[in-house]
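Novice: Sequential numbering of the sequence shown, starting at 1, is according to the numbering used here.
Derived from the structure by calculation, the hints contain no laboratory data. There's no promise every hint is true.
Unchecked claim - The list that follows gives simulated cross-link-like pairs (lysine-lysine, BS3-like), each with its CA atoms no further than 30 Å apart:
hint: 1; residue 1: K75; residue 2: K4
hint: 2; residue 1: K2; residue 2: K96
hint: 3; residue 1: K63; residue 2: K4
hint: 4; residue 1: K96; residue 2: K63
hint: 5; residue 1: K2; residue 2: K32
hint: 6; residue 1: K4; residue 2: K96
hint: 7; residue 1: K128; residue 2: K32
hint: 8; residue 1: K4; residue 2: K128
hint: 9; residue 1: K2; residue 2: K63
hint: 10; residue 1: K75; residue 2: K2
As the list claims (entries may be wrong) - Okay, the calculated beta carbon distance ranges per label pair:
hint: 11; residue 1: S88; residue 2: Y59; range: 42 to 52 Å
hint: 12; residue 1: S88; residue 2: N31; range: 11 to 21 Å
hint: 13; residue 1: I27; residue 2: M1; range: 28 to 38 Å
hint: 14; residue 1: N31; residue 2: T3; range: 34 to 44 Å
hint: 15; residue 1: K32; residue 2: L129; range: 30 to 40 Å
hint: 16; residue 1: I87; residue 2: W22; range: 19 to 29 Å
hint: 17; residue 1: N31; residue 2: E132; range: 38 to 48 Å
hint: 18; residue 1: N130; residue 2: T40; range: 19 to 29 Å
hint: 19; residue 1: K128; residue 2: A94; range: 33 to 43 Å
Virtual Cβ for every residue (Gly too), placed ideally from N, Cα, C.
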Amino acid sequence: MKTKTFVIAGLVGGVVDWLLGWLFYGIIFANKFPQPEEGTNAMLFITFGCFSYGFFISYIFNKWAQISTLVTGAKAGAIIGLFMGLISVFFTLAEKPTTDYELAGIEMLISILMGAAVGAVIGMINGKLNGE
C-alpha cells in the first residue's frame, strides 16, 4: 500500500462525504434529521466522522482490495454504505421508543449513495495516483 495514495484518497473521500452529508442532511432532508446545535462540538465531530469514513474506505481499497477505478469503487462503496447504513439504522431503531420506517429507509438510501460516491472518488484517485 502506498501511503501517499492512502492519505490523499482518504482526505478527498472525507471531503466528498462531508459535502454530501451537508447536501443530504443539511439541505434536502433537513426537516427529517436533527440539525447540529449552535455552540456545540457537533460539527467538529461530524467532520471527524466524515474523514474517518474516507480513510476507512481508502484503507480497504488500497490495502486489501486494490480498487483503482471509478466504477469498481462505486460498486464497492455502495456495498460498504449498505452495511454501514444497516448498522446505523438498527442501532438507532433499538434506541428509540417509536419506529420510523420512512426515516430508516431514507437513511439507508443516503448511506448507499454516499458510500457509492465516496468509493467512486477514492477508486478513481487510486487509479490516477498509481498510474493505472
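Novice: Take the hints in turn and mark each one as holding or not.
Specialist: We went through each hint and held it up to the structure:
| no. | hint | verdict |
| --- | --- | --- |
| 1 | K75 / K4 | holds (23 Å) |
| 2 | K2 / K96 | violated (43 Å) |
| 3 | K63 / K4 | holds (12 Å) |
| 4 | K96 / K63 | violated (37 Å) |
| 5 | K2 / K32 | violated (41 Å) |
| 6 | K4 / K96 | violated (42 Å) |
| 7 | K128 / K32 | violated (38 Å) |
| 8 | K4 / K128 | holds (12 Å) |
| 9 | K2 / K63 | holds (9 Å) |
| 10 | K75 / K2 | holds (22 Å) |
| 11 | S88 / Y59: 42 to 52 Å | violated (20 Å) |
| 12 | S88 / N31: 11 to 21 Å | holds (20 Å) |
| 13 | I27 / M1: 28 to 38 Å | holds (36 Å) |
| 14 | N31 / T3: 34 to 44 Å | holds (42 Å) |
| 15 | K32 / L129: 30 to 40 Å | holds (37 Å) |
| 16 | I87 / W22: 19 to 29 Å | holds (22 Å) |
| 17 | N31 / E132: 38 to 48 Å | holds (43 Å) |
| 18 | N130 / T40: 19 to 29 Å | violated (40 Å) |
| 19 | K128 / A94: 33 to 43 Å | holds (41 Å) |
Violated hints, listed in ascending order, are 2, 4, 5, 6, 7, 11 and 18; each of the other numbered hints is respected by the structure.
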